[in-house]
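Peer 1: Take the sequences, apply the hints, and build the full model.
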Amino acid sequence: MSIGLSFTGKIDSPKALLEAASILAEEQKYRLGVGETGLKVVMCPLGGELNILWRPEEDPAGPWLVRGSCVSTPAGAGLHRAAVELLDSLPVQALAVEDETGFCQHRDFQRMKEEHFYPWLKTLVEVCRQEMGKGVSGMQLCWDLDQYAPEDIPGTVVTPVGRFRLAELAELEERGGIEDLAGRFFLWNGRTRDARFYRNRAINALWEDCCFAPSSRSPEDAAINAAILDDLERAAKLNPALPLPRSAYLELCALAERPPALQQGPELQEEFAPGYRKGPVTYGVGALRLTLPGGYVSGWEPWRNGGGAHLWSDGAGPVWRVVSYRTREGESSFTDNLDALHGVEGRKLKGGALRWGWKEIREDEERLYQAVCEVIAGPALFLLTATCADPGDLGQVAQTIGRISLGNNVARKETVHTEK
Numbered sequence: 277m278s279i280g281l282s283f284t285g286k287i288d289s290p291k292a293l294l295e296a297a298s299i300l301a302e303e304q305k306y307r308l309g310v311g312e313t314g315l316k317v318v319m320c321p322l323g324g325e326l327n328i329l330w331r332p333e334e335d336p337a338g339p340w341l342v343r344g345s346c347v348s349t350p351a352g353a354g355l356h357r358a359a360v361e362l363l364d365s366l367p368v369q370a371l372a373v374e375d376e377t378g379f380c381q382h383r384d385f386q387r388m389k390e391e392h393f394y395p396w397l398k399t400l401v402e403v404c405r406q407e408m409g410k411g412v413s414g415m416q417l418c419w420d421l422d423q424y425a426p427e428d429i430p431g432t433v434v435t436p437v438g439r440f441r442l443a444e445l446a447e448l449e450e451r452g453g454i455e456d457l458a459g460r461f462f463l464w465n466g467r468t469r470d471a472r473f474y475r476n477r478a479i480n481a482l483w484e485d486c487c488f489a490p491s492s493r494s495p496e497d498a499a500i501n502a503a504i505l506d507d508l509e510r511a512a513k514l515n516p517a518l519p520l521p522r523s524a525y526l527e528l529c530a531l532a533e534r535p536p537a538l539q540q541g542p543e544l545q546e547e548f549a550p551g552y553r554k555g556p557v558t559y560g561v562g563a564l565r566l567t568l569p570g571g572y573v574s575g576w577e578p579w580r581n582g583g584g585a586h587l588w589s590d591g592a593g594p595v596w597r598v599v600s601y602r603t604r605e606g607e608s609s610f611t612d613n614l615d616a617l618h619g620v621e622g623r624k625l626k627g628g629a630l631r632w633g634w635k636e637i638r639e640d641e642e643r644l645y646q647a648v649c650e651v652i653a654g655p656a657l658f659l660l661t662a663t664c665a666d667p668g669d670l671g672q673v674a675q676t677i678g679r680i681s682l683g684n685n686v687a688r689k690e691t692v693h694t695e696k
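Quick note on this note's numbering: the sequence shown kicks off at 277 and runs consecutively.
Just so you know, not all the hints are guaranteed correct.
Said to hold, decoys possible - Straight-line C-alpha distance at most 27 Å; calculated DSS-like pairs for lysine-lysine:
(1) Lys305 <-> Lys316
(2) Lys626 <-> Lys410
(3) Lys624 <-> Lys635
(4) Lys316 <-> Lys286
(5) Lys305 <-> Lys286
(6) Lys291 <-> Lys305
(7) Lys291 <-> Lys316
(8) Lys410 <-> Lys398
(9) Lys635 <-> Lys305
Said to hold, decoys possible - Simulated restraints, written as ranges between beta carbons of each label pair:
(10) Pro339 <-> Ala499: 38 to 48 Å
(11) Phe548 <-> Gln304: 46 to 56 Å
(12) Gly668 <-> Asn613: 23 to 33 Å
(13) Pro339 <-> Trp576: 15 to 25 Å
These aren't lab readings, by the way, just hints derived from the structure by calculation. In this text the structure is predicted, and so the values were computed from the model without any measurement. Where is the CB? At the ideal position from N, CA and C, for every residue including glycine.
Peer 2: Below, the structure is given as structure tokens:
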């Protein structure tokens, strides 16, 4: 069960609310997103957003009704406190807050942690403890199932702040107590954005977002690498004694061509080095599961006539595209488009089947080699292409197609209940 708050109230106008939110976001270094019917203030990663929607009560001239929410886990109690204080500063009248922690009323930060966030974390530890020794595979805690799935390592659990052995979270609690574990697991466990906040934000980005690619590869790589280095250096200034992932810091400095600035200090000792994207990761498009090197960057390629394709590229290897279709009635079937390809072959999948082959194509007078694969799964048909400049890359493409599988196309998240 997530911890969070919701609220309702009134505002004079969306413009007045937006002006106030813009000033606060700039002061606090938050990110502000604005749409036609609302806004969101992004205070930290891991869902650290305060969302606000508005609509006219009767007359568009005002007043307007607003409602909103913030989910505080797994980011932590610091986010919850920041969200409440942000609400305090916004021009919302007749504000009514539903805060399951009670913090909005009593403003006792330590009490909120001990009565709500620590029991929530202890429940996660107990879940891991119960699964120890069972050969558990693919276990994830607080992981966004709408993104990629990291490589499966039996006996471990995937979290936004790193991979742990199932027994490791329990060992951390036994060794240092729940406060120490919370300081490692929650991104924002402190009252303010302290050294642990910046360290844990960097750790989250190292594990979840960083491709460990040269900053010169793309503006996205440059931005991620720089943000991580900045956060680790800021953490070291705030608390020189705080253990940091210094080996990963030095690795990233080399990739960013940036001179190391950290002074000597303790290394954060962990069994697994940061970086889910250093290994293969699996993407889901509906029921399709496609496993690619973690260094690939995913995106959406729009088409001129509408629609588009899911796109993955690393700037060097094969470029992958996936398009999904759905029959109006009955089961999908393979098309005739593969009949003219070279080396067509197929295999059955659990829940469907695939066929694929390859052909030579021309793009801007350049000879390229393209694998074309069709996957059927009930009423769904998936069309995959992998385009490469070197025919030798078709062997890598064949291996990737050999790992294609089908799964449940409805993401399911486990609900963890805590004792109140």
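Peer 1: Could you run down the list of hints and mark each one as holding or not?
Peer 2: Evaluation of the provided hints:
1. Lys305 <-> Lys316: holds, 14 Å
2. Lys626 <-> Lys410: holds, 24 Å
3. Lys624 <-> Lys635: holds, 22 Å
4. Lys316 <-> Lys286: Satisfied, since the Cα-Cα distance of roughly 17 Å is no more than 27 Å.
5. Lys305 <-> Lys286: Holds. Lys305 to Lys286 sits at ~26 Å (cutoff 27 Å).
6. Lys291 <-> Lys305: holds, 21 Å
7. Lys291 <-> Lys316: With Cα atoms ~14 Å apart, Lys291 and Lys316 stay inside 27 Å; holds.
8. Lys410 <-> Lys398: Since the Cα atoms of Lys410 and Lys398 sit roughly 20 Å apart, the hinted pair holds (cutoff 27 Å).
9. Lys635 <-> Lys305: Cα-Cα ~51 Å, so violated.
10. Pro339 <-> Ala499: 38 to 48 Å: Holds: the Cβ-Cβ distance is about 40 Å, inside 38 to 48 Å.
11. Phe548 <-> Gln304: 46 to 56 Å: For Phe548 and Gln304 the Cβ distance comes to about 33 Å; the hint is violated.
12. Gly668 <-> Asn613: 23 to 33 Å: holds, 25 Å
13. Pro339 <-> Trp576: 15 to 25 Å: violated, 39 Å
This entry does not satisfy hints 9, 11, 13, going by the numbered hints stated previously.
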